[in-house]
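Starting from the given sequences, assemble the full structure and let the hints guide the process.
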Amino acid sequence: MRGLTREPPLLLALLGVVALVLAFIVYPQVQVVIAPGFDGYAAFLQGGTWVTPLRNSLEVVALSTTTAVLLGFVYAYAMVYTDMRWKPFFRLVGILPLLSPPFVVAAAYILLFGPRGIVTYGIFGQTPIIFGLMGIWAVQTIAFFPFAYQLIADVLSRSDARMEQAARNLGAGPWQVFRTVTLPLSRPGLGAAILTTAIYILEDFGNPQLIGGVFTVLPTQAYSLISGFGDFTGAAAVSTILLVLALGLYLAKLRLDGGRSFVTISGRASSMPRPPVPPGLSWACFAGCLALAGLILMVYGALVVSAFTIAFPTNVTFTTTNFQFVATGSNGDALRNTIVFGTVAAALSAVLALFAGWLVQRGDWPGRRALDFLLIMPAAIPGIFFGIGYLTAFNQTWLDWVDRGWIIVLSMIFWNIPVGYQAAVAGLRQIDRSLDEAATSLGASKLRGFRDVLFPVLAGSLRVGFVTTFVRAVTTLSVVIFLFTPPTTVATIRIYQLVNDLNWGGATAFTVADISLAIAALLVFALLARGRLALGMARG
Amino acid sequence: MASASPAVAPALSPAHLRVSHVTKRFAGVTAVDDVSFDVPKGSFATLLGPSGCGKTTTLRTIAGFYDPDEGDIELGGRRINDLPAHRRGTAMVFQDYALFPHMSVRDNVAYGLRLARVGRDERDRRVKDTLAFVGLTGLEDRWPNQLSGGQQQRVAVARALVIEPQVLLLDEPLSNLDAKLREQLRVELRVMQRRLGMTFVYVTHDQEEALSLSDWIAVMNAGRVEQAGTPWDIYYHPRTAFLADFVGAVNLVPASVIAIEGAAVTLGLGDRRITLRPTAPTPTAGSEVRLCVRPESLLLGAAGSVADGAVVLPGTVVRRSFLGDAMRYWVKVDDREWIVDQPDPGAAAALDGAVSLILRPERAHLIV
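So the sequence lines, in the order shown, correspond to chains A and B. Reading the first sequence from the start, the letters are residues 9 to 548 in our numbering. Reading the second sequence from the start, the letters are residues 2 to 369 in our numbering.
It should be emphasised that the hints constitute simulated quantities derived from the structure, not laboratory data. Any given hint might turn out to be false.
Reference excerpt, derived from the structure (chain B facing chain A, CB under 10 angstroms, subset only) [to be verified]:
no. : residue
1   : Pro85
2   : His87
3   : Asp97
4   : Leu170
5   : Gln208
Positions of the beta carbon are idealized from the N, C-alpha and C atoms, including for glycine.
Next up, the structure:
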């Protein structure tokens, strides 16, 4: 604390960060929670319209989480423990869903299995009713098992191979090692992975919105209350219920893993080799992964084929008109908005998160625990709730002078700040304090030391924060669905609108373009990281 | 054998760095407990102690990384408690070097001068001179991860020296190096400090390092300064059993003071009576003391040997261990084992069985 009063610029910077957090994380959320007022909540709760969506949400979370985690676990186990073939291929396929809006699975599902779907109508001549619980369950399982896979693989690969070697050395078989060593050691991590998957599924808006039909869950209920009835009070109350559930799951997760795991896109170093598993198991895992990768590829294959054909599946003549449609007029603007908003938001979010991470991790001022909590809290806030918060707080006439694009950018910055923040804190934990102190003892103030030493040294964390935030920003639908105006439309909004218009060619081409953006960002990241590796080797 | 210290005691110049009654607590645990000492200008001062004794905390408090809960720190006659760490002029050399990994050797060394807005020409000259001083000329464009541990440590020293700090703080700077290199850098550090006449405050847990480097040592234990003085004093005249034991191997034998006649003290070791002329302090008759003798101060002879004016104790060799430069014997006298180091073990056959333990009266020290 005395350090702060001795360095007024540092104090000012800290106050600035606190002010930003209060204005853009706390204030909008509080606005939503208090919007209905006491009477509003009483009337709302008596109205009972929330009972069905709540029940549906819980049902969907229970079902989809179970299946997504089971499939994700198979994939993760196979990737981490077996020596099956085609691992690089499976790894690539497993990353693909992280780079696309989750609701593309619903779109592909309609395309493949809908009333006029390729499989259902085209092959079997059926027009089944695919909407409702079963559809959501199937779609969310496919959409979120890759997330579960990433989280679980992260946990499993962090388990200490030496322990497993030691257990094998003492005479335990592969299954005994897994049951008596690996599983007990990674139980908290696995629990946290399951809860994180459950949060993703609970907060999912796009999939249930596209194929839920009359089967409403909390996020879709909140959306339809506003867009259909203009009922802000009801929507605020519904999304508050959603928030309470998500926060509950999140706090349980924090208890398990201390806020460590987060699906970030980063290079992971290979660890010590693990004891081999029986070849039969490897082959079984290979078959399982092949089937799961096939599911993912079917989804994206359908999208790509549809994007490049005139009227999939009735007329599969190759065409690029869909992409011309995407690149021109208001669609082109939306694509440009996506790139601009995503880049600006990712850059600002990553830098702010790094600075905030440094203030919290290296500071000794009172209240930093609270700031730490506020900076990771958006990870638990459902996108739909966050969007309603920004709508309530900043869609005000006195703010008309502000370009509406900034509200979208701000929402992307602060909704994603936990990504960069956690990357920064993880990075800072790797760097001994003596590095900061060396700068200080040579005459650098704390701020100067941050600028000269930690900022460059933490470039890796900054890149992780930037890329992950960019990808999340260009693939989110729920946060921006309340915030866009015609001139500030973004790709995900247009995709959603085109799907609703049944313009499949346009929707899929747009999706392919949007995913390409994310992939491009990732490639640039990989290139930069490789550049750093090469530089590191040049340095010996 | 003279018992006066051959090492030059620090000149009686006024304290350059003064630590007075400093106390530092962490969450209720007292890490540094009312520590006071003065370091004269241009001297090499060492804080020595086991891990967790508070020596590093003391150093970091001087650097300004910690605020003391009580007490004052003065540098050059000025109280610096309220000065932020980066304005204190207390450059520090860290155990893990803490070189900036994204800067070349030259940029690492120039960093402090840049902060001080030293002009380009002077900066280049000083960086060049300092790198030459630490023997790193030609490595200016290397990155830290291209250097060996010893080179990295030299860069760390150069980076701190170049800004000409009022006092250089060194936190176990040699402990990550292998033994041979450690010894070499130890000599170099001492030479550098002498040539620059700069005040060094050095922290280590290695008593040999402390003895060989320092003008002055403060041995710390449990947050307090147990004893401060010249290396000579610390080694031969420890005031407490902890100190005697921490700084080198030692025989600590409980004894009772039977009689005192001038400098001669008659001690009872069990039923045995021996008369010694121990170095200070003077005990009181009838008190219980501990006889403190370094293993290399003892001699072994064949059983039944007599030595003029020396105390001879009959004993039996129970164990021995070849140390290279000495042979260490464990000799049982009555029911107590003594450690004896005999130099140059190759010069004579190793002893075994019954022997005589020879103790010169003035080679003993008493802990009262």
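Against which earlier hints does the structure fall short, listed by number upward? Hint 5 is the one this structure does not satisfy, whereas the remaining hints hold.
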